[in-house]
Amino acid sequence: MQSLSKASALSAQPATEPVRRLRLPQKLRNLELFLLLIACFINASAVVLVQLGALGELDPTLVLLGAGLSVLVISLHVVLRFVARDADPFILPIATVLNGIGIAMIYRIDIADQQGGWESAAVRQTVWSALAIFSAIVVLLVIRNHRVLFRYTYIAGLVGVLLLFLPLIPGLGQEISGARVWIRFGSFATFQPGEIAKIALAVFFAGYLVRNRDSLSMVGKKILGARFPRFRDLGPILVVWALSMSVIIFQRDLGTALLYFGLFLVMLYLATGRLSWVIIGMSLFLGGALIASQTLNYVNGRFTNWLDALNPDVYNAKGGSFQLVQGLFGLAKGGLLGTGWGQGRPELTPVPQSDYIIASLGEELGLAGLFAILALYLMFVARGFRIGFAGQDDFGKLLAVGLAFVVALQCFIVIGGVTRVIPLTGLTTPFLAAGGSSLVANWIIAALLLRLSDTVRNQPRLVV
Amino acid sequence: MNVSELTLLVLRFGFLLLLWMFIFGIVYALRSDLFGQRVRKLKTDATPAPAFPLSAVPAAVPAAAAFAAPVARASPATDAEMATAHNTTRLVITSGPKAGTEFPLGTDTVTIGRSSDSSLVIRDDYTSTHHARLMLWNDEWMLQDLDSTNGTFLAGSRVTVPTKIPLNATVKIGATSFELRR
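Which chain is which? The protein sequence lines are W and Y, in order.
Take the first sequence: its letters are residues 1 to 464, numbered as in this note's numbering.
Take the second sequence: its letters are residues 1001 to 1182, numbered as in this note's numbering.
Pulled out of the complex, with its shape left as it was, chain W reads as follows:
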């Protein structure tokens, strides 16, 4: 109320006077709390429906576990009330629903696999969620202004590259189903440092492009209506290309390579506004991928599985399209409205709780449920783009769009792979899939977007 009287005093005085910041009541936070309560209710009812569908009875211990998640997200909301009052009110509820639906599906597959107790994947996922939300709170408390990150551009780049190649160190790295992207702590915990690397690289790309975009955007020859860069300005894109190609060759991970290269390309396009960079980048990556598919066995196999999935020879081959086709059968079984929580057979597909969680959800929730999940991703990414659009400084703009785009591209690569739009590559579905490193990374992305949106709104403003 005090702020409103200040505002009216401002308009009453015709004399020149500096603008005071308007402090409105926390309308945004109240909206967020309202949506968050609905989100927690959705999560709780998902777990209850899994129990009714798969067990036929209610087991109160895991409902309590679900309540733990609600307590955590509400504590994150309380933190926002103090340190980021003007942050976007939609990001937190959307992330909560996605995380909760993921836990419910993992729990459902635990029941099918007769796993239980504290060692089960669902309990693990809940503990990782707690850790991830806690790290989001820490990020919000430590980074009070995103421009601090601009100072650490090159350190972020170095950290990103180091994290990316950490699994290649002998003894530390671990190979799981062909890809060498994990590191191992002790006897049980594995971590995928590449997930954190995507945040560090987004910070690096944003800072680097803000500093150096003039030479990348201004000069060059005009060919067929598009201005192409000079040969010597191709350095950065060639370095990032070489980096992602080495990920394909040494870590044998197509998805990660595509993710990082796509991120760089989009941020480059955003910083320079030149379509020629996209043309150059796409042809570089497609060329590299084509050569890799001819020379590298595992890439070749992925392409065959994709193009010729329903061929019985490919289906029965070792490392063939069995998993992909099982996923498609699951989606077909789900139909329009799904079999209902706990009533399908998603456990027949290999790794139904991580890479194939989308197929599992498609089977039990149907097309209607899958589209709801895609709509949630769409809104999450759209909020990120919106924050970038409204941002006042170039670094914040690039960072917000980069972080949102990473989530979008990751969804496209995984869901496109499962639904046979593109060759299948192993990446995690953001917020949904089982995997601690991915959860931590995506909650940190959510925290950074919240911080950015708070700075965007919380600046000297004048309302006429």
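Any given hint could turn out to be false.
Stated by the list, open to error - Which residues of chain Y face chain W? A partial, calculated answer using Cβ under 10 angstroms:
| no. | residue |
| --- | --- |
| 1 | R1012 |
| 2 | I1026 |
| 3 | N1087 |
| 4 | E1140 |
Stated by the list, open to error - A few chain Y residues that don't get close to chain W, going by computed Cβ distances all over 10 angstroms:
| no. | residue |
| --- | --- |
| 5 | V1003 |
| 6 | G1025 |
| 7 | D1124 |
| 8 | T1149 |
| 9 | G1151 |
| 10 | T1163 |
| 11 | T1176 |
As the list claims (entries may be wrong) - From the derived model, a few chain Y residues whose C-beta atoms are all more than 10 angstroms from chain W:
| no. | residue |
| --- | --- |
| 12 | L1006 |
| 13 | G1014 |
| 14 | A1080 |
| 15 | I1093 |
| 16 | D1117 |
| 17 | S1119 |
| 18 | Q1144 |
| 19 | L1154 |
| 20 | S1157 |
| 21 | R1158 |
| 22 | T1170 |
Worth flagging that the hints you see were computed from the coordinates, not collected in a lab.
All figures in this text were calculated on a predicted structure; none of them were measured in a lab.
Each residue gets a CB set at the ideal place from its N, CA and C atoms; glycine is no exception.
Please build the complex by placing chain Y on the supplied structure of chain W, with the hints as guidance.
Frame of chain W; chain Y shown alone:
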């Protein structure tokens, strides 16, 4: 406790419905993002003039004239000094409901529009949600129209491409005009 098929069927549809209601709830809360900010009538208590906003311009000139008079009212001819990051410190509203108010300029882009996340929010019938912006290009302040419906005017002529702004030249958006000053 045994659950019947029918209960499960109802609960299954109920869950999908709940999920979609959540999504449409968010979309409803975001409607200003999709369809633009709602038009709000200008306050009529200050002067009778703002009811027809265009007539507010002469009414507000005396207030602004005290400031603007000593400065030569240069038309944006080539000889006028352009606003740069070094010689410009503030944006002064010269006409409209908030005439006389000033806004500090830093090195950040200033976005102007009806949207609540603009730096300069102008809520009248003539402004678009994202109307225009002021930004620094090579240390010079540029005015860019963001495809607004009713246009952005620099010293009387409509801005179509990013344009350099002379110091003390009038920029008019809807019923509000402002100038960049030292």
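These are the hints, each one checked on the structure:
no.	hint	result
1	R1012	holds, 4 angstroms
2	I1026	holds, 6 angstroms
3	N1087	violated, 18 angstroms
4	E1140	violated, 15 angstroms
5	V1003	violated, 5 angstroms
6	G1025	violated, 7 angstroms
7	D1124	violated, 8 angstroms
8	T1149	holds, 17 angstroms
9	G1151	holds, 17 angstroms
10	T1163	holds, 18 angstroms
11	T1176	violated, 5 angstroms
12	L1006	holds, 12 angstroms
13	G1014	violated, 8 angstroms
14	A1080	holds, 22 angstroms
15	I1093	violated, 7 angstroms
16	D1117	violated, 4 angstroms
17	S1119	violated, 6 angstroms
18	Q1144	holds, 13 angstroms
19	L1154	holds, 18 angstroms
20	S1157	holds, 22 angstroms
21	R1158	holds, 21 angstroms
22	T1170	holds, 15 angstroms
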